[in-house]
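Student: Take a look at the letters that make up each chain.
There are 2 protein chains.
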Amino acid sequence: MRKPDRRRFLTTTAAIAGLTSCSSKDQPPAAQASLGAHMRPYGEPSPYEQQPVRVIRELTASKGTGSSRTPLQDLYGTITPSPLHYERHHAGVPSIDPAQHQLLIHGMVDKPLTFTPAEIHRFPSFSRIYFLECGGNMVGDLAGNPPPTVQASHGLVSGTEWTGVPLATILREAGLQPEAKWIIAEGADHSRMARSIPIEKCLDDTLIAYGQNGEALRPEQGYPLRLLVPGWEGNVSVKWLRRLFVTDKPAMSVKETAYYSELRPDGKAEQFSFVMEARSVITKPSGGQSLQGPGFYEITGLSWTGTGKIAKVEVSTDGGKSWAEAKLQQPVLDKALVRFLYPWQWDGKDAVLQSRCTDETGYTQPTRDQLIATRGPHSGYHYNAIKSWYVRADGSVKHV
Amino acid sequence: MRKPDRRRFLTTTAAIAGLTSCSSKDQPPAAQASLGAHMRPYGEPSPYEQQPVRVIRELTASKGTGSSRTPLQDLYGTITPSPLHYERHHAGVPSIDPAQHQLLIHGMVDKPLTFTPAEIHRFPSFSRIYFLECGGNMVGDLAGNPPPTVQASHGLVSGTEWTGVPLATILREAGLQPEAKWIIAEGADHSRMARSIPIEKCLDDTLIAYGQNGEALRPEQGYPLRLLVPGWEGNVSVKWLRRLFVTDKPAMSVKETAYYSELRPDGKAEQFSFVMEARSVITKPSGGQSLQGPGFYEITGLSWTGTGKIAKVEVSTDGGKSWAEAKLQQPVLDKALVRFLYPWQWDGKDAVLQSRCTDETGYTQPTRDQLIATRGPHSGYHYNAIKSWYVRADGSVKHV
Chain H
1 MRKPDRRRFL
11 TTTAAIAGLT
21 SCSSKDQPPA
31 AQASLGAHMR
41 PYGEPSPYEQ
51 QPVRVIRELT
61 ASKGTGSSRT
71 PLQDLYGTIT
81 PSPLHYERHH
91 AGVPSIDPAQ
101 HQLLIHGMVD
111 KPLTFTPAEI
121 HRFPSFSRIY
131 FLECGGNMVG
141 DLAGNPPPTV
151 QASHGLVSGT
161 EWTGVPLATI
171 LREAGLQPEA
181 KWIIAEGADH
191 SRMARSIPIE
201 KCLDDTLIAY
211 GQNGEALRPE
221 QGYPLRLLVP
231 GWEGNVSVKW
241 LRRLFVTDKP
251 AMSVKETAYY
261 SELRPDGKAE
271 QFSFVMEARS
281 VITKPSGGQS
291 LQGPGFYEIT
301 GLSWTGTGKI
311 AKVEVSTDGG
321 KSWAEAKLQQ
331 PVLDKALVRF
341 LYPWQWDGKD
351 AVLQSRCTDE
361 TGYTQPTRDQ
371 LIATRGPHSG
381 YHYNAIKSWY
391 VRADGSVKHV
Chain X
1 MRKPDRRRFL
11 TTTAAIAGLT
21 SCSSKDQPPA
31 AQASLGAHMR
41 PYGEPSPYEQ
51 QPVRVIRELT
61 ASKGTGSSRT
71 PLQDLYGTIT
81 PSPLHYERHH
91 AGVPSIDPAQ
101 HQLLIHGMVD
111 KPLTFTPAEI
121 HRFPSFSRIY
131 FLECGGNMVG
141 DLAGNPPPTV
151 QASHGLVSGT
161 EWTGVPLATI
171 LREAGLQPEA
181 KWIIAEGADH
191 SRMARSIPIE
201 KCLDDTLIAY
211 GQNGEALRPE
221 QGYPLRLLVP
231 GWEGNVSVKW
241 LRRLFVTDKP
251 AMSVKETAYY
261 SELRPDGKAE
271 QFSFVMEARS
281 VITKPSGGQS
291 LQGPGFYEIT
301 GLSWTGTGKI
311 AKVEVSTDGG
321 KSWAEAKLQQ
331 PVLDKALVRF
341 LYPWQWDGKD
351 AVLQSRCTDE
361 TGYTQPTRDQ
371 LIATRGPHSG
381 YHYNAIKSWY
391 VRADGSVKHV
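If you read the protein sequences in the order shown, they are chains H and X. Under this note's numbering, the residue at position 276 of the first sequence is numbered 276, and the numbers go up by one with no gaps. Under this note's numbering, the residue at position 65 of the second sequence is numbered 65, and the numbers go up by one with no gaps.
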């Protein structure tokens with residue numbers, strides 16, 4: 001076997017990959033000297049790997065009311081493991097015995113119905129990979145004092161495979177009356193969180209979900225039943241679903257008046273702006289990470305849109321002066337997280353990294369200035385502007 | 001609000017869904033009387049839900065050598081949660097510190113190289129959803145004494161999103177010599193499990209994987225590095241990868257001579273039959289489950305093929321006399337699990353449920369008799385015949 005030529009190797013590999021610490025020799029590292037560990041019914045991460053975790057933010061003194069954020073900077077691909085899916089609770093996480101739980105459908109229907117979770121499971125099922133995102137994700141960036149990491153700024157979004165029954169199937173059972181225009185969905189949590197949803201979306205792709213990534217919903221995701229309203233702000237995907245009231249007008253519930261409505265420049269509130277428009281963010285390198293000297297780095301991140309499919313993602317390494325198209329992980333799915341990948345040769349100087357996406361309707365993610373010019377400085381929810389990460393010559397990465 | 005008409009409801013719903021126990025009333029179940037639980041950094045299933053688990057089979061007195069099987073009958077959709085991915089170990093589960101681990105690439109290359117896991121992470125990444133299946137899955141069915149549940153008979157298959165570096169990228173770094181025809185991949189487990197892989201597949205879609213479903217590989221899945229050879233028998237996707245030896249002929253290792261080769265009718269062994277051909281199985285209803293009286297049931301299961309995409313799945317409820325096409329969960333991905341769904345109105349009489357799939361090349365899953373006529377009765381590995389579940393009038397479901 002040919003002996004390694006260390007100088008030549010360094011030259012070639014450095015050009016392609018920026019690696020400077022490879023070595024080579026004739027023998028691999030030693031194999032394990034003894035039999036390994038036993039098998040386990042339910043696997044766990046390696047003890048050598050720092051387990052990615054959600055970061056919890058309590059909004060009240062009583063614990064459980066607030067949010068926890070997905071560690072986007074630590075994750076690969078597009079599937080969020082269920083234990084790391086973001087949470088947003090308004091009265092903590094209920095513990096519901098499915099044998100005691102029911103879902104009532106009433107109001108403008110031919111026949112009011114109740115279903116146990118077991119009965120919902122009997123209907124024809126539907127599974128699909130979707131993103132879910134809190135309407136309030138990224139509001140810190142609008143406020144002009146963005147959090148230091150992508151988990152803190154953008155972590156109220158996740159992507160998983162959901163399973164349930166199309167809401168249209170259940171509504172067909174109850175029989176919608178002609179005047180039916182809205183459905184008010186109510187949860188069984190202590191706050192009885194309620195949202196109004198237009199009937200068209202209920203009959204389109206909305207699910208009564210009971211499964212996530214193959215398993216039953218976790219309690220914090222609405223066990224045993226939740227709504228899943230694809231592409232719309234997460235708050236309407238009501239968890240611990242106990243009631244669907246069919247009516248001809250919205251409820252004007254606290255969560256669609258005092259919250260989850262955007263303040264317009266004219267001082268009025270924009271209500272029922274449900275769709276999460278196209279957005280993207282670089283997750284690596286991102287705030288709090290550091291680069292180990294000049295050379296090759298892959299810039300990667302996530303993009304998604306409630307309007308359908310992402311058509312393209314562009315990356316800039318000079319603060320938006322020039323852009324180049326990133327590669328998208330295939331397949332690009334409707335209303336799902338899309339991973340983008342862009343090769344970057346860092347020269348070791350200060351750099352500002354940005355991503356911007358365009359959806360299949362032609363809509364392009366705005367800059368922060370463009371967003372504020374359109375929506376005003378206090379719009380709050382549904383902020384989706386381009387995010388910048390500042391790479392300093394010392395390799396540190398900070399928000400701008 | 002109109003009062004429920006229980007008789008009419010039962011008639012309608014029973015016709016559509018076979019439900020007999022729905023009730024209806026004007027009020028939903030009570031909401032939670034107090035604030036719910038706190039948030040957790042890493043979520044867990046509901047205590048009310050029986051956690052699906054892998055079933056472990058030890059092959060030797062020393063624990064850790066054998067297999068654990070995915071609970072296919074309990075899972076929804078197509079994504080297997082990482083802690084439930086099947087395992088097959090030949091010397092237990094190594095505990096590898098990535099700071100001490102290296103991967104050596106040598107043999108017929110211009111420059112032998114070693115990489116630390118951190119260095120592998122620096123290359124451009126690739127993520128894709130693939131199935132992985134042990135070449136020995138379903139061998140009990142060939143033997144004529146099939147196990148009682150689908151977990152026991154078919155549970156050596158799972159589907160997850162894998163992330164890693166294309167092996168072609170790493171081989172380009174080392175520089176393949178013209179005579180290079182095979183790569184012998186060796187693990188760092190105590191058995192130093194080794195398999196030979198044709199160079200064409202190594203340059204096609206084979207990955208050096210380090211991520212699964214967003215997180216780092218679990219130890220039992222090869223942490224910190226493994227091969228992932230899409231569509232081929234799982235044994236070649238060598239875990240705990242420590243060496244890739246490039247050569248002009250296969251190693252004829254114990255795992256490709258004494259094992260993972262099929263005995264042909266002429267008494268010779270068929271070697272290097274890597275591809276997992278098209279197969280399907282009904283996971284619900286399946287052995288050990290029971291039906292609660294006549295009415296509507298959704299028949300559902302999984303189909304997959306190492307040859308590419310599944311084109312269609314058909315279901316029979318009369319033991320193969322008549323067939324009807326099932327619905328396929330979208331999107332149908334290349335070399336990935338596909339969920340099929342078929343609505344069934346059970347009349348309460350004995351029934352034999354079967355599924356058969358056809359891949360995009362036109363190949364159709366054979367019956368057991370067809371398979372034995374072609375491959376003989378002792379072929380062992382790569383068994384992919386149609387599976388039958390016998391539903392008795394009492395609602396019990398058994399293997400046939």
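Hints are computed from structural coordinates only; laboratory data are not their basis. Computed from a predicted structure; not experimentally measured. It is possible that part of the hints are untrue.
[Claimed, not checked] Now the in silico label distances, taken between C-beta atoms and shown as ranges:
#	chain 1	residue 1	chain 2	residue 2	range
1	H	I56	X	A143	49 to 55 Å
2	H	A37	X	Y259	18 to 24 Å
3	X	T60	H	V400	30 to 36 Å
4	X	H38	H	A30	24 to 30 Å
5	H	A30	X	Y363	42 to 48 Å
[Said to hold, decoys possible] List time: in silico DSSO-like cross-link candidates among lysine-lysine, alpha-carbon distance up to 30 Å:
#	chain 1	residue 1	chain 2	residue 2
6	H	K201	X	K255
7	H	K255	H	K309
8	X	K181	X	K255
9	X	K309	H	K309
10	X	K312	H	K309
11	X	K327	H	K309
12	X	K284	X	K327
13	X	K249	X	K201
14	X	K181	X	K111
15	H	K327	X	K201
16	H	K312	X	K309
17	X	K309	X	K284
18	H	K284	H	K201
19	H	K63	H	K255
20	X	K181	X	K284
21	H	K249	H	K268
22	H	K284	H	K327
23	H	K309	H	K201
24	X	K309	H	K327
25	X	K255	X	K268
26	H	K268	H	K181
Every residue gets a Cβ at the ideal spot worked out from N, C-alpha and C, and that includes glycine.
Student: Hints the structure violates: just list their numbers, smallest first.
Tutor: Violated: hints 3, 4, 6, 18, 20.
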